[in-house]
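So the sequence lines, in the order shown, correspond to chains A, B, C, D, E, F and G.
Position 77 of the first sequence, counting from 1, maps to 77 under this note's numbering, and the rest follow consecutively.
Position 252 of the second sequence, counting from 1, maps to 252 under this note's numbering, and the rest follow consecutively.
Position 208 of the third sequence, counting from 1, maps to 208 under this note's numbering, and the rest follow consecutively.
Position 24 of the fourth sequence, counting from 1, maps to 24 under this note's numbering, and the rest follow consecutively.
Position 129 of the fifth sequence, counting from 1, maps to 129 under this note's numbering, and the rest follow consecutively.
Position 109 of the sixth sequence, counting from 1, maps to 109 under this note's numbering, and the rest follow consecutively.
Position 173 of the seventh sequence, counting from 1, maps to 173 under this note's numbering, and the rest follow consecutively.
It cannot be assumed that every hint is accurate.
To be verified - When the alpha-carbon atoms are kept at most 27 Å apart in a straight line, the in silico BS3-like pairs for lysine-lysine are as follows:
(1) G:206 - C:12
(2) C:193 - B:117
(3) A:85 - A:45
(4) F:213 - F:135
(5) A:218 - C:6
(6) G:206 - A:139
(7) G:212 - G:121
(8) B:141 - C:187
(9) C:106 - G:28
(10) B:103 - C:187
(11) C:2 - A:141
(12) A:103 - C:6
(13) G:212 - A:139
(14) C:106 - G:307
(15) E:17 - E:31
(16) B:123 - C:193
(17) G:73 - B:85
(18) A:142 - G:212
(19) C:65 - F:135
(20) B:153 - B:139
(21) C:6 - A:134
(22) A:134 - C:2
(23) D:20 - D:122
(24) F:135 - G:73
(25) F:135 - F:98
(26) A:27 - C:11
To be clear, the hints were calculated from the coordinates, so they are not data collected in a lab.
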Amino acid sequence: MNMTLTREKESPAIEIDNVGSAALTEKVYETSNLNLWYGENHALKNINLDMHQNEVTAIIGPSGCGKSTYIKTLNRMIELVPDVKTTGQIKYRNRNILDQSYKVEDLRTQVGMVFQKPNPFPKSIYENVVYGPKIHGIKNKKILDEIVEKSLKGAAIWDEVKDRLHENAYGLSGGQQQRLCIARCLAIEPDVILMDEPTSALDPISTLKIEELVQELKKDFSIIIVTHNMQQAARISDRTAFFLNGEVIEYSDTNTIFSNPNDKRTEDYITGRFG
Amino acid sequence: MNMTLTREKESPAIEIDNVGSAALTEKVYETSNLNLWYGENHALKNINLDMHQNEVTAIIGPSGCGKSTYIKTLNRMIELVPDVKTTGQIKYRNRNILDQSYKVEDLRTQVGMVFQKPNPFPKSIYENVVYGPKIHGIKNKKILDEIVEKSLKGAAIWDEVKDRLHENAYGLSGGQQQRLCIARCLAIEPDVILMDEPTSALDPISTLKIEELVQELKKDFSIIIVTHNMQQAARISDRTAFFLNGEVIEYSDTNTIFSNPNDKRTEDYITGRFG
Amino acid sequence: MKLINKSHVAKKMPARLAVNTICKGLFFLATLVGLLVLAILFYRIFTQGIGSLNVDFLQNFASRKPEEAGIKAALIGSIWLMVVVAPVSLLLGVGTAIYLEEYARKNWITTFIKVNISNLAGVPSIVFGLLGLTVFVRALALDRSILAAGLTMSLLVLPVIIVAAQEAIRAVPRDLREASFGMGATKWQTILKVVLPAAIPGILTGGILALSRAIGETAPLVVVGIPMFIAFLPQTVMDTFTVLPMQIYNWTSRPQEEFQQVAAAGIIVLLILLIFMNSIAVIIRNKFQKRY
Amino acid sequence: MIVRENFELQLKELQGKIVKLANLASGAISKSYAALESNNVDEALEVIDDDTIADLLEEEINDFAILLIAKQQPVAIDLRRIIAAIKIASDIERMADFGVNIAKSAIRIGDQPFILPLTPLKQMHDITLKMIQLSIEAFEKEDVVLSREIIEMDDEVDRFYGEMIRSLLRLSDEKNLQQVTQLSLIARYLERTADHTTNIAENIYFLVRGRYISRNE
Amino acid sequence: MIVRENFELQLKELQGKIVKLANLASGAISKSYAALESNNVDEALEVIDDDTIADLLEEEINDFAILLIAKQQPVAIDLRRIIAAIKIASDIERMADFGVNIAKSAIRIGDQPFILPLTPLKQMHDITLKMIQLSIEAFEKEDVVLSREIIEMDDEVDRFYGEMIRSLLRLSDEKNLQQVTQLSLIARYLERTADHTTNIAENIYFLVRGRYISRNE
Amino acid sequence: GSNDTSNSGKGNEAASNQLKGEVITDGSSTVFPIMEAVAEEYMATQPDVKVSVGSSGTGGGFKKFIAGDTDLANASRPVKEEESALLDEKGVKYTELKLAFDGISIVANKDNDFIDSLTVEELQKLWIDNGKVKKWSDIRPEWPNEEIKFYSPGTDSGTYDYFNEVILEEKPMVENATLSEDDNVLVQGVEGDKNAIGFFGYAYYSENKDKLKIISIDNGKGAVEPTHETIKSGEYAPLSRPLYTYVANKSVAEKEQVADYTQFIIENAGELAEEVGYISLPEEEYQKDLDKLKELEK
Amino acid sequence: MELRKTETYSVQQMILEKKSKKKINMEKVIPKLLFITAAISVFTTIGIILTLIFETFIFFDRVSIVEFFTEAKWLPFASAPSYGIMPLIVGTLKITVIAAVVAVPIGLATAIFLSEYASEKTRRIIKPILEVLAGIPTIVYGFFALTFVTPVLRDLFPSLDMFNALSPGIVVGIMIMPMIASLSEDALVSVPKSIREGAYALGATKLETTIKVVLPAAISGIVASIVLALSRAIGETMIVSVAGGSTPNMSMDVTSSIQTMTAYIVQVSSGDAGYGTTIYYSIYAVGMTLFVFTLVMNLLAQFISRKFREEY
Ligand SMILES: Nc1ncnc2c1ncn2[C@@H]1O[C@H](COP(=O)(O)OP(=O)(O)OP(=O)(O)O)[C@@H](O)[C@H]1O
Ligand SMILES: Nc1ncnc2c1ncn2[C@@H]1O[C@H](COP(=O)(O)OP(=O)(O)OP(=O)(O)O)[C@@H](O)[C@H]1O
Ligand SMILES: [Mg+2]
Ligand SMILES: [Mg+2]
Ligand SMILES: O=P([O-])([O-])[O-]
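I would like the entire structure built from these sequences, with the hints used as guidance.
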């Protein structure tokens, strides 16, 4: 883990992307000139953001700034809201996902999502995990069993549930449910995992566990996480984007954002001077 | 604000109460040997805690440790749960409130409560605030108007709502709703205000506002606050009680708890080493 | 090690999407069936009845002469019936719902009452007719008055209202109640000032739907013995009366072709009344959409 | 709109404590130097006694800062403010210690006549005190420009120090060994004090910019 | 069950950096002392050059610690660990500076023969190095007992320092002025280094206990 | 009970007075149209008398009559033994009044071109169950070899009762007969079914003459088609039945408006019955009823 | 902010004053009043049972209960009357089954369409329209069945009788369909959005989400709605008496005339049966059977919905 301050950089942090580690890791998402309207409400304004493979990208910002809107656009979950209009493009692995010919189902098979409130299906733990593989046509019981074990281990919950795989998922605690949801998401072996405030409904201990887990997961996945909790972003992310009123105010490596942000508004936000 | 470490104290922190500032402030609550069962589940075990006037007392602890149970016992809200049994006593201003002859309505008129989720009534802002006074028989329009202004000012929300007093309270943002709930509580001029995780549903900025407000309020009220957020307890409280599995592990002045707790379990909890 | 063959998954996707589209079409067609039936029904009734529907029809009493026959007594009678049913069933229904949701302890009596209510909801209306005849007409000597019929109908729709009110009350978040208790309000104050106002839309919608059931029921009134012919308007709830569905039923069983048209006109009036009541329910529902 | 009023107040309080400590330190130095000049042993002893206050104040600042971090979760500049405060306090505390050291040396010299004019020493003393004053000001105002000036002033102190030491060494012999030693130590203490003010200045730079001054020069 | 594995790892990393810095510092001191003894100017110059590494490492530690605070919101002992790390790093950095100072003095002395036996100086050097070693150990193990021992060892260094200075002053005259001055400075540097190890020890005590050692003695 | 009437005067010349109070009648749905017409006319002359006409069936009417709920019980058959026993038991004295005739019409589908008349025996052969499926050719060999579809009023109707009595002679009806309570429904059935045969009240036939084929009945005196005249004269036999109303003696005696209304019934029943599709009785029948009534009022 | 100091009055003081004035204790009275209202539903049931039971006893005094349940013929009007309720039950079940076959798939499909596929606007329009369908007087449906559905069906199946089980069955199905659609839709809608999102996010199509996640989650509500609708079908009177004929029989044939329990009750209670006759009392016995029938249905519904209840 690289935690030293990038002392030399005097150039605007927003460009770090193109200068710094960009060379090292591949980009999974490239958003350019994205605008989004809810009816008349211009919720995302000219967003330009690139996200990188095997990194944790955090999105922070005050309530209503468009964080959820943006992350939901990344797997087109936003389409569930009626009357949404977008312009610009989001390239996922070099294909524009906003193109209607891109089937959402294909996209979502590649891009998993974890939500704010744990939302396991009201089924058994096992059934929750195999749901994704099953709908994608995997029926072989042995493979499914393997997937279950692998995913639950990946989500660091295997030991806690291995003896009760066939009990209802709602018997688990909130933190366990959230990890189960992560396991469910891992089961389809996604490329990217989107997380929209995955710990905001959890107690501090469960939150820490999820944070640790995210750190683990980035070895195998690219993770984009929305969070209200600035320290969480600071702790677990490699890059952080600060949104305000639908705009990206600052996007930079996390250490810079939290030690020496470029923009006064970013600083005001992260230091809690904002209202 | 006294923030220096209490360097000299080697005696168990739990006794600070009887040694330190106890002499300075009056006690509002004295809990002795309180035990509480939900059916067979022994949720509070032999609690002994004294709370002081014009102080903020924080209660922290992991999920399920009995924080909410305890604070709800302080205004006997716990009675809404069927099949609850208590032993021991809680003296509020020297009268045992667990005595069934103590009318809950009287108690709750003295002891206000603010809840986890903002819960304004689906009425106008004005009606929300005058609800308490009205049910207690105050009908004089002029007095009610005065109460509304005073309470909303007290809850630091007057400026934001004074021009829309007769709009529905659900038009307010989450943070405003919570402050409205505090105003509603202030309207009956309680002696003590209980708060059960009042900011856990709010964004960081709203949370900070409420925290600032609590600091203000303690000038006039005694406040007991349950929180999941340890830093919040650290920031705003004068004393902190750490609950674990229904027991009080440590009760001491907040600075001690957060800089140099006496009990290993407290330290493990506040430093996040706990699971 | 990858357990999932992504290319396989991708290959299957078009078929899955096709199934989705087909089923969507089927679901839509199913929805159309209901609408279609309604349309046919309306078309038939309107083409048959519209000719007889005029001001006279609304102002006249029933008559042996189809051209003179009118719906006045039945229409007014139906409205009178509502005047009894609405307050009685709402009062009893909401009272019961409050009791069950707010006061009842979890014991066998409560369970029994609950089972009993949901059972009553399924009891055929004709059985309620038998009950009304025995209890209200006979035992309480209310005769075949509006009151007797109204009480019978109230009992008939009571379960519907109780269930609707229970649901509406249950949907009022617990924290609103707690907020009120927290201010030192008593239970009854809380119910009256917080719970009921918040539950009112749900209760009213349920209530109106229940009333529209009451307004269309024939069987229990037949059994209670409500007369089919009346050529005067009731003055008090103790008077006897007739209602729309009875009048319609009567006309449909006449040999004369003209009476079939009169009956259709009566059905139109009934439907208008029904749609009117349903619209009120819809308006209430949309206007007071849950905001908590 | 500022929402963290309380926190702001506490940061101010922390600043206040630092200023107080700095005043103590600069007091200790000027007082001890005065004691040296006037051969006033009592005054010198007073300085030594008073040092406990400074020590305690530094600890208090330390504790206060740590609690502030624990409670307020500061980040970015706020965090640097507090960390800088801790470091600056420790620098200032060292200065107060040097005041004590000077006082001790003054006592050792006793009422011996000075073997040489103290002019360069006096200069050092004046500049150093000025530097302390300025560093307090720079700290309060978070003034980077001023910090740089302070750092530049250190060169002058170094210059006078060299001058003083050279003169002393020239006069050094068996009989005034004690005085030479003590005076050179005093010079050294003043030089160190000035060094510590440059530390403070550097910390202020770091506080404001989040970067280290050394790298940029 | 430990849930903050990452944080633990980072604390360990911070510790590792401190140890590395301490090794640099103790290396600088022993190397410069060796250069003095063997009149090896090149070695001395090497020490001076290498100091940048120590300076950078201290800054790195500083940054690392600050980010750790910003990210992990440590409280209680964790927070003290990090704060102590910052302070200890600054102490160690000073030690490395003293290494440089010694090297500079060694260069100034050049290949002059020593005017007196360096035994007490050597003693000081050995004890100081030992103290550095021990303080690293105490820091790694968070060993309060060891810290106290380190603090006690400082008295010995002070004793040898007095001895050395007295001998030097006795030999002081015009011609070996330079050597006397440089040797006494070197002694002074070693003495200061030992002082800084006691600072470290005190910080370790504070880290572990949350209280200041001075108050309890 | 309906005893809440306040009589305006106790004079005999009730008709000339403006009367008040209630008259409650209930019973047969067959009689209902007649009684409705009567009530309609009566209330034109006595607007303050509230006449209500129920239609809960003959049995239901008697039930209420026995309980004393009603003043008049309309019936499409004479009172049954069980009923009169109960009436006695309750001490209810009553008087039977005949109102009109209803001719039971036997009809076939309009497209039926072979059937014109049937003898009573043939009717019995058609309708009485023999456990076999019946074909037209079973009745008369020259008729088509097609299965007959039977339509009959519900077993609980007065029409069925009467048919049962005079044709079936209490033997079971063909099992596959389609029964319905509603005569209009039967009209629909016969109209829509080529091989249908059915029977129901004359009024339903006369209203649907163009849709149905009427069958004449030969009871040995030659085929007679049910018409207004043949029924009234009794020529159409045995399938014409009388309709009744039963009035409580006590009501007539105690309630002026009931006495007045009953008199009005007798005076107008014939004419009004014709209007709603039934056939009036010979004049002397009504005179007899009037006499009975006069007797009661005394 | 100085809440306490600036005040010219004390709210707590005022509260205390008001409190001392209060007299009646509503808190004690109200629950009792409410209990009485709740008890009314129980009295209703008791009333129903009592109403039915006496006359039912009289009936069973005349007809053996064994015969009632075992006899295969229901011929109360025959000269040798036979009271075997089975044909009526079979008739009732035929209607119920046909209604279910029509209403369950259409109702569920409609519910799914409205809750999962239709826009909010469409939902808001269609749902109340369907509810109108549920509110139409059954007598209207009866004639619709007889004069529209039956002829249409007879065009399709010429062997169909004028009175049959099929036509009223279908129309009863149509009548209860909105009930299933509306209540099931409620159940589907109340499945949290988050659960759906969970499935979508895994790349599931709308159909897969609905069938595999939403439906199972709402199953208790759906089952309850179906059972409720079916018990309505069982109790339905007018449609079957108008369009179903009145021929009790045990055959499984749906093309010929039938009679249901309710239709029998209507037949007798609006017919000319003599009061005090066995026939007359038989309607109470049938009513009682019907009551027990629906009771069992409802208990079953409750059991099922409790059993299938999914926590979320
Ligand atoms: N379904 C919607 N219809 C219309 N406007 C919406 C909708 N969802 C969000 N918005 C608006 O879009 C803006 C961005 O909302 P979004 O939910 O993305 O914010 P957010 O940053 O995720 O906030 P939070 O931290 O509260 O979740 C807000 O102004 C919000 O009011
Ligand atoms: N209504 C109840 N019935 C039975 N047990 C309960 C009830 N409420 C709480 N408990 C149990 O009592 C214990 C304490 O619960 P409580 O709600 O007081 O915890 P808490 O500390 O407030 O937790 P959290 O931080 O999650 O709110 C838990 O074990 C819980 O399961
Ligand atoms: Mg969001
Ligand atoms: Mg809680
Ligand atoms: O304390 P010093 O390192 O400046 O001697």
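Structure-based check of each hint:
no., hint, verdict
1, G:206 - C:12, "holds, 15 Å"
2, C:193 - B:117, "holds, 20 Å"
3, A:85 - A:45, "holds, 12 Å"
4, F:213 - F:135, "holds, 19 Å"
5, A:218 - C:6, "holds, 20 Å"
6, G:206 - A:139, "holds, 20 Å"
7, G:212 - G:121, "holds, 26 Å"
8, B:141 - C:187, "holds, 25 Å"
9, C:106 - G:28, "holds, 19 Å"
10, B:103 - C:187, "holds, 13 Å"
11, C:2 - A:141, "holds, 16 Å"
12, A:103 - C:6, "holds, 15 Å"
13, G:212 - A:139, "holds, 15 Å"
14, C:106 - G:307, "holds, 19 Å"
15, E:17 - E:31, "holds, 20 Å"
16, B:123 - C:193, "holds, 10 Å"
17, G:73 - B:85, "violated, 62 Å"
18, A:142 - G:212, "holds, 21 Å"
19, C:65 - F:135, "violated, 41 Å"
20, B:153 - B:139, "holds, 21 Å"
21, C:6 - A:134, "holds, 13 Å"
22, A:134 - C:2, "holds, 16 Å"
23, D:20 - D:122, "holds, 24 Å"
24, F:135 - G:73, "holds, 24 Å"
25, F:135 - F:98, "violated, 39 Å"
26, A:27 - C:11, "holds, 26 Å"
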